[in-house]
Amino acid sequence: MEKLIALLIAAPLLGAAVLLVGGRRLDRVGHWIGTLLSTASFVIGLLLFADLLGKNAEHRTLIQHLWTWIPVEGFQADVTFRLDQLSMTFVLLITGVGSLIHLYSVGYMEHDERRRRFFGYLNLFLAAMLLLVLADNYLLLYVGWEGVGLASYLLIGFWQHKPSAATAAKKAFLVNRVGDMGLSIAIMLMFTTFGSFAFGPVFGHVDGASQGKLTAIGLMLLLAACGKSAQVPLQSWLGDAMEGPTPVSALIHAATMVTAGVYLIVRSAAVFNAAPDAQLVVTVVGTVTLLFGAIVGCAKDDIKKALAGSTMSQIGYMVLAAGLGPIGYVFAIMHLVTHGFFKAGLFLGAGSVMHGMNDEVDMRKFGGLRKYMPVTFITFGLGYLAIIGFPGLSGFFSKDKIIEAAFAKGGTEGWILGGAALVGAAITAFYMTRVMLMTFFGEKRWQPDAEGHEPHPHESPAVMTIPMIVLAVGSVLGGAFFSIGDRFLKWLEPVTGHSEGHSPVSAGEVTIATMVCLVIGVGIAWAQYGRKPVPALAPRGSLLTRAARRDLLQDDFNHVVLVRGGEHLTRSLVYLDHSLVDGVVNGTAAGFGGLSGRLRRLQNGFARSYAVSMFGGAALLVAATLLMRAV
Amino acid sequence: MSFPLLTATAALPALGAVATAAVPAARRTAAKWLALLISLGTLALAITVLVRFDPGGARYQLTESHTWIRDFGVRYELGVDGIGVALIALTAVLIPFIILAGWHDADPLETGNRRWRPTQGFFALILAVEAMVLISFEATDVFLFYIFFEAMLIPMYFLIGGFGDRAHAQGEEAAATQRSYAAVKFLLYNLVGGLIMLAAVIGLYVVAGNFSLQQIAEARASGSLHMATSTERWLFLGFFFAFAVKAPLWPLHTWLPNAMQESTAPVAVLITAVVDKVGTFAMLRFCLGLFPEASRWATPVILVLALISIVYGALLAVGQRDIKRLVAYASISHFGFIILGIFAMTSQGQSGATLYMVNHGISTAALMLVAGFLISRRGSRLIADYGGVQKVAPVLAGTFLIGGLATLSLPGLAPFVSEFLVLVGTFTRYPVIGIIATLGIVLAALYTLVLYQRTMTGPVKPEVSTMPDLRVREVLVVAPLIVLLIFLGVYPKPVTNIVNPAVKHTMSDVQKKDPKPEVEAVK
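Quick mapping for you: the protein sequence lines, in order, are chains B and W.
For what it's worth, my numbering labels the leading residue of the first sequence as 1, then goes sequentially.
For what it's worth, my numbering labels the leading residue of the second sequence as 1, then goes sequentially.
If you are wondering where the hints come from, they were derived from the structure by calculation, not from laboratory data.
All figures in this text were calculated on a predicted structure; none of them were measured in a lab.
Be careful, since some hints might not be right.
[Claimed, not checked] Straight-line alpha carbon distances no greater than 25 Å define the calculated SDA-like cross-link-like pairs of lysine to any residue that follow:
1) K213(B) with E518(W)
2) K162(B) with K391(W)
3) K513(W) with T192(B)
4) K513(W) with Q76(B)
5) K365(B) with I295(B)
6) K504(W) with Q76(B)
For reference, chain B alone in the conformation it holds in the complex:
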């Protein structure tokens, strides 16, 4: 069976190659080729899943070695894949949600003349993401890691005639590169510590390594995770990434790619378990981000940016859980999967709304859409209930578990982390209710555009609504399915390990507290956006609101310090290189041999004669030596 693993990646990679090299003649069928190959990968994933289920829990690991990639003295990287319960979970999520979004894009991108290329990029993304989760060593993982970065770059900037899209794409790639530096250094540290960066040798020798090295590796992996998963302080690219077509936001910037950081941490569990200081930093980053993203999400009027803030915040929950160690790993991944369902569904819903509203994204120009788009309304509504943790829906199970685990960390830390997670739950309920109310309820607020076209909101075609319905079903049932009989826990435990921790509060108390937070959040939102009409223009707002609209000023900081500072630095260096370095070197040489004077003379036409004389000299030399040989 392990021979099939490579096919998982090969199918979408083939699609990418065919679609991107194939040219215009594939324009009419390209999107179906892409969807077909994505689905093929999903089917192969199901076959492998069935195979794994047929084995004992301890033997559910398949290894496929393809070839030796980089063999150098003392250094070896292989192209080897590892399929275990953790990567299997991701494979099904990536190819499953991925195929649904391919299908949705067939309708969404129907009028785009570059649709074939779009599907080529989507397939490229799938291949890279699968490589990321299937790699058996960190260097190969790195290839997938940057591969998804490339796909993300291409797709954010898909409408690259828009300068804002091109800028957002570049920014995403650059911020991610800062994270990649972390991954690079982590791999180098592993190499100097263990002499290898393959999963087996690294995890097997953690005991022999020094605490300092392990902490450093953990922190560098965290830096990488921050870049890819948009965690503070590398979160600034995610909001701008919404410039990409909405299916991209759903697949890459909500359901799969941005969760790669969580994968990286959970995969490296052995390292983090042995480095408690690094773990503490992970939980802090997660907690800060879950609040940061939630606050930003409250202030955005752009529906996609509000959802992006929410994504950041939800991944913050996952990172928090991953930082808790064996208490939280399983729940980090469980929330990742359920989030994949409901957030992808929410984004597709947002895309459907935009599709019907002439690509408008400002929620202040929506309102009352439930009458015009019933399917979108219901599926979006189910996603909404799932994300705020409405009892019985998937978010209720997965988020509740994370909050419980945070308390179970114990001590003051447990109270702080758990408390913050609870506050986050309240804010989540607030901003999602706000999105829901502003979009689907209240009076219609849309206006004719500059050319006098009034939007005619309408339901999207079946090719778009079917994926939305499937994801809505997943959002409703996923959590319960995973939690009944601890199915998900038992499935993943052999890879990640699990421990219960000692919670100062009981599970029931946590659930009650979460419900109270939910009601508070929904209530405040209702009071503000449900009872009162939504103003068509945003009010000035408090200091916090204004800061949140600007992503809590982090971009402004980056701009002043990094962009401006960098510009000044490079400009002065360009000047210095010309005047100082060049001048000093030329001057020094002149001091030795009157070089500059000669340089000036040579410029006035002497150059050729000089070179000719040199050539003559060389010829003489050769002749002389030949002569000497003859003698």
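Keeping the supplied structure of chain B fixed, place chain W upon it in accordance with the hints.
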């Protein structure tokens, strides 16, 4: 006596150069085809070298040895190790693409003059450079190497000074002045380096009594040739200076941006992807091979200079407004990586550095040649004169992006493998330097993506709106290079296989062992 394969590999382009130069003025196209065929023939010979070379065999293979100037102990001595083979292959692969890319670069402006033969000259000079570069990679006699290392400057001088981009913002006269400035600067920098090296070559003769790399190395290893520490250091510095000018290493780099911006794109590729490699190659072969103690002594300073090159070159690239200058500064940054890898004195660093020379050659060729196609369409090198090219010429933009991604060492493409090896090889011995060098990967993304964004994306500028996409000839240049970049990115084993044994020898030359991993050290 067996067939002198190495001599033949260098002699074919040398004879081809003479033949191409002799083609009558009216038969321009014939001259081009002749040059292309010669370069393909040379490629075939280079492939034969590659096939005949046995990675598990002796250090130097396919050796040829003849007395040349008996009185001075100068011998015509050739031989290749894995590093040489890799670079011979790189050179032979790139020249046909350089010729094909420059197909129209030297067409005479007025056809009336029947005795004027710039086309013949252009292609003959390229072949002459190829011949001299190949001999430099093959020579195991220091004097023989020196002669061709220097002689290379002559055809290069004429290529830089005599042929430039067609259209120029300040008119043809200003262009000619700038070109000749760049050519003279190139010549003088390299001549000064060469003169200092000449002194060191003579010094070496005085000490050792002959010029044979192998004999001297053996005599030193066996103790029969004693060299005073200070003598060795002075000689090392003399050699190193010349190679550092050619490579080029900060602060001796300022000739490169001028030379690359003024010459046509194929010649710029010839400079940075082929000729400059002789510098880094010679560091490995001559500096480390002849002066191991001095190499270790100079390592700290050289590593710092290499690190400055990496960061400085990248920052300068970010600040450029001229496409070709930007690529030139990016190359300076990349040469920093190569020199870092060589002097980190680890197996990974030196294998990585050799691989880097090959990969940098291919990736720079891809990026620079597409840039050249772009520039020839618009007649401007300024980044600001472009915008939205993606919309009108998607294939050109796509290949430009791939070249750029290779330049920023995207995993999956060849340069990633070498850059990571250099970084990891440096890190195991010098963690702080390794970490600072990692900054280079962020800066590389910055200058590459900014270049792509400003030229290819955004609204279509009116001046580029009628720009044609890549022609068949141009696709033939770029597509194979891209295939090579992908192939060597996922399967670099063919190159590492021939390079590894040579690196092992170099490591034992300098008497260095790789640091052991911490966990094994505990055991």
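Honestly, which of those hints from before does the structure not fit? Violated hints: none; all satisfied.
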